[in-house]
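Chemist: Please construct the entire structure, taking both the sequences and the accompanying hints into account.
2 protein chains.
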Amino acid sequence: MLKCGRIRYTNDLPIFAAFDEGVIQYPGTLHEDVPTRLNEMLLSGELDLAPISAFAWARNAERLALLPDLCIGARDEVVSVVLVSQTPPALLDNTQIFVTQESASGRNLLRVLLERRYCIAPSYVEDAAPIERARRGFPALLIGDGAIDAIEEFPRSQVYDLGTLWHEWTGQQTVFAVWAARREIVDERNEEVRACMDALTDALTWSKRNMATVIAGAQRRFERAPGFYEDYYEKLNFTFHAAARSGLAAYCRELYAIGAIPQAPLVAPEVTDAIAR
Amino acid sequence: MLKCGRIRYTNDLPIFAAFDEGVIQYPGTLHEDVPTRLNEMLLSGELDLAPISAFAWARNAERLALLPDLCIGARDEVVSVVLVSQTPPALLDNTQIFVTQESASGRNLLRVLLERRYCIAPSYVEDAAPIERARRGFPALLIGDGAIDAIEEFPRSQVYDLGTLWHEWTGQQTVFAVWAARREIVDERNEEVRACMDALTDALTWSKRNMATVIAGAQRRFERAPGFYEDYYEKLNFTFHAAARSGLAAYCRELYAIGAIPQAPLVAPEVTDAIAR
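Order-wise, the sequence lines are chains W and A.
Heads up: the first sequence is residues 1 to 277, going by the working numbering.
Heads up: the second sequence is residues 1 to 277, going by the working numbering.
To be clear, the hints were calculated from the coordinates, so they are not data collected in a lab.
This one's a predicted model, so the numbers in the text were calculated from it and none came from an experiment.
Just to be clear, a hint being listed does not mean it is correct.
[Claimed, not checked] Covered stretches of chain W, as calculated for chain A (at least 3 residues, CB under 8 Å):
1. 60-72
2. 179-186
3. 231-242
Backbone N, C-alpha and C fix where the C-beta goes; we use that ideal spot for every residue, glycine too.
Modeler: Right, dumping it as structure tokens:
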């Protein structure tokens, strides 16, 4: 069985809930962890296949095959990647911005926006608790549950959703996680990779008509105000369709433009479905 | 601009609503018609790209390129393709079944189920108003809005959803429409095909977070009980992901087994997204 990863956040539950509920059996092992750790484990060979950050894939595309069908992204608002700032982002030149250590993907999206959209050059300071900096009035990048908390805590005018900023600027969607496998696994164990992706997409389709069950599971994991997950999951896009791939390709070109990756990889998922099986 | 089709039913509104609402501009012309007519127009060259019935694509796969990303299908219950019968389907051997003229796809799915799952050989009689036959106690295949009406009208025990029967038997999803383009259009006008598919997938992602608007549009087109469309659209699957392609491939193999198509086509969408665009 393939050693597979899943993200220890509620954002991917619409893909994994059917396994948790015992409706569909996943044909691999499932290790749950934070995104940065999944990136490391996939590269080190501790995992064979996992959802990883789009940035981690872009930087390691020679070793990691991009898989088709699934991603985690959004058309515009992504909710869980926000800049909190009392000053509009375009005016943050020469300012210190406190950034979370949790996500290189979000930080690089911020860099792209500030350096390419607004043509400014702030400095970025890693901080273990950027939300505390935000509370004291400094600009801060927040990710995941911290970002969701910030949306509730700070005035709406001070919270900038990076997915919205990106979509306004480029017209493109955001992709913050993709499914990838080590290239040798795709070459040598193609049938197993395909079976895993098949189970994942089947599970996503199951979730679409069982959202109440998915949301109940999310509330058990991380309790939020009633209605929060309904709204959140509506904003997320899990299908790696043409518009999502186009958005990822645009992001990769911008990552290359700011020097964050040595080259822009081809956004061409490895076709793992057997022809006419 | 490419001459494109859209289905004159409410089932594809989650893909087309963003164009109706003026949120996204579609980069082609859009001709709205019933599925059988779209099939004919695509084959005759009156259209370049359209959603057509899965069966029509399977029979004409040499001339029609299968496009990626989008389909209309369901994991199990499809709602709009049902057999109404006072007798369980397995006991319909040597019986006359009245079938709609509207859909070759649904009729062939019924044949596959009866001939391959239950190993029986009924006779099929085309009828302009099969719901009238059902009211008089005869088995009848109903499609689209007639099927939805039948679910409300007949006792639940007499209404067999073909998607459910197919999923119980094979474990596979149902795909009843796919997007296809004439092969020469894909070869000669690839950029335009890609732009159309991009707009369609972008529109689908928009709909996901604007379902109230989509449903209001559906109610204006064909009024149904409150809550009907919410439930219906949850059951449908619009993404042509691995599990959907696997379901379509299984359907094609069964169509070939009953002699409905001369050969089972390869279920391998033409990759129209430019690499690293």
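Chemist: Each hint should be assessed against the structure and marked as holding or not.
Modeler: Going through the hints against the structure:
As drawn, the segment 60-72 of chain W meets chain A at 3 residues by the rule of a beta-carbon pair under 8 Å; at three or more, the given contact holds. Given a C-beta distance limit of less than 8 Å, the hint that chain A covers the segment 179-186 of chain W is violated, as 0 residues qualify and 3 are needed. Counting residues of the segment 231-242 of chain W whose beta carbon lies closer than 8 Å to any beta carbon of chain A gives 6, which reaches the threshold of three, so the coverage claim holds.
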